[in-house]
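S.K.: Just so it is clear: in the sequence shown, position 429 is 429 by my numbering, and no numbers are missing.
No false leads were mixed into what you were given.
Below, simulated SDA-like cross-link-like pairs (lysine to any residue); rule was C-alpha separation at most 25 angstroms, straight line:
hint, residue 1, residue 2
1, K438, V377
2, K67, Q320
3, K231, M218
Since the hints were made in silico from the structure, they are not lab data.
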Amino acid sequence: MSFTDKYADVFRRILPAPFTIALILTLISFVLVLTMGSGDFFDNEKSKLVNTLDLWYQGLWDSGGFKFAMQMMLMLLLGHVVALSKPIDNFLNKLSSYAKDNASAAVLVTFTTIVVSLFNWGLGLVFGALFARKIGEKATKERWSINYGLIGACGYVGLMVWHGGLSGSAPIKAADPSQLVELMKGSSFSGELPTLIPMTETVFSTMNILVSITLLIMLSLLALWLGRSVKTKVPSIQKIVDEKEVADQKVFGAERLDASIWIGRTLGIGLLCYVGVRIYYTPEPWMLKFITPDFMNFTLLALALLFHGSIKRTLDAVGQAIGGVSGILLQFPLYYGILSLMQGSGLMNELANSVSSISDETTFPLMTFFSAGVMNVFVPSGGGQWVVQGPVIIETAVSNHLSLSKGVMAMAYGDQLTNMLQPFWALPLLAITGLKAKEILPYTLLFMLAGVLIFSVALIFL
Numbered sequence: 001m002s003f004t005d006k007y008a009d010v011f012r013r014i015l016p017a018p019f020t021i022a023l024i025l026t027l028i029s030f031v032l033v034l035t036m037g038s039g040d041f042f043d044n045e046k047s048k049l050v051n052t053l054d055l056w057y058q059g060l061w062d063s064g065g066f067k068f069a070m071q072m073m074l075m076l077l078l079g080h081v082v083a084l085s086k087p088i089d090n091f092l093n094k095l096s097s098y099a100k101d102n103a104s105a106a107v108l109v110t111f112t113t114i115v116v117s118l119f120n121w122g123l124g125l126v127f128g129a130l131f132a133r134k135i136g137e138k139a140t141k142e143r144w145s146i147n148y149g150l151i152g153a154c155g156y157v158g159l160m161v162w163h164g165g166l167s168g169s170a171p172i173k174a175a176d177p178s179q180l181v182e183l184m185k186g187s188s189f190s191g192e193l194p195t196l197i198p199m200t201e202t203v204f205s206t207m208n209i210l211v212s213i214t215l216l217i218m219l220s221l222l223a224l225w226l227g228r229s230v231k232t233k234v235p236s237i238q239k240i241v242d243e244k245e246v247a248d249q250k251v252f253g254a255e256r257l258d259a260s261i262w263i264g265r266t267l268g269i270g271l272l273c274y275v276g277v278r279i280y281y282t283p284e285p286w287m288l289k290f291i292t293p294d295f296m297n298f299t300l301l302a303l304a305l306l307f308h309g310s311i312k313r314t315l316d317a318v319g320q321a322i323g324g325v326s327g328i329l330l331q332f333p334l335y336y337g338i339l340s341l342m343q344g345s346g347l348m349n350e351l352a353n354s355v356s357s358i359s360d361e362t363t364f365p366l367m368t369f370f371s372a373g374v375m376n377v378f379v380p381s382g383g384g385q386w387v388v389q390g391p392v393i394i395e396t397a398v399s400n401h402l403s404l405s406k407g408v409m410a411m412a413y414g415d416q417l418t419n420m421l422q423p424f425w426a427l428p429l430l431a432i433t434g435l436k437a438k439e440i441l442p443y444t445l446l447f448m449l450a451g452v453l454i455f456s457v458a459l460i461f462l
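Could you build all of it, start to finish, from the sequences and the hints given here?
M.R.: Shown next as structure tokens:
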């Protein structure tokens, strides 16, 4: 047995399910808050344990968290529904035809997923999952061996590059003139804030462009090596789209409306026309600022209606795909509970402030990078991290005359890096592919180690 196979087997034995990991992280957060937490929230007649439970309870049922959870569930559901349509199935079949063995499949999935994720993280997440599934179906049909866990990991690797792309939360918010002022409200900072941090200094900076190109090349090469090194077998993956169109059953009366292809496609075309209108009226549309979770879901709904044709077929696909959202439904409240614990107890601010106290031109980006990686394990949300870590990055950079744009990208790199360790965002991929977290994490951790090297070198020397 090779080293990579032994390494993968160890992780399969010791890693529990993602929901169990979320519960363990919740318990660790409780212990940290009870032993190290402080702040105004604890200044009342209640015991520290009761205050901590109150913090957790508030986070569990946070309305903003539920809104985001619904957006993510719809993105997964509608993406899966679109994938069940014949046009998308044909496209993925064409793309997967270039994969001839385990190594070429791993490279193809890695390369294309990274490219798509640099445009939009949600699209990259759904695309990577669907493409990995399609490779599994192709290998099953043609009876050639793959390591399905590795292919799934390659479909997830886009979550390690997304924050340096066009949909990155921190660079987008930093480029909004109102965001920096709003972010620093209530802080003790008295320095002069820049009006904004343009995308040309973050996402389109020389450093980030070189980092993105390096990730695309090096992670693809790593996937090639892993594809040639790991053990493989012929998978047994059932097709999610049948080869033959199933004839519609006879319908009567109002059922004809449900089964009408023209109604579904007309609705889909109409919604897509509105998508075009929104893009047209968006300032600087080439910056892709119009791509938000709501925009993604609206577009996916339009495509689902257009590609399936009838409302009945669309709803049948929804029924087939709905089971995949259960993981997000159960785990999102837990992670918002953790976020509430870490923020309300002051632990996140303490971690961020400790970074700023030892920062100079070299250590500032590195410490920001590693602290962001730690925070992301407990709170896997790029936007949420920017709210907490952003003010400290701004104050430290401005007060010490350090590169603010580099600080923003350091946070972005750290946030995306530990997605390879934290399986939360892998839930959609796991639902679509049928894989378990323990089957992909051995390989995503190797991608993460490569990322540590690439990001660290860039932050020090570029």
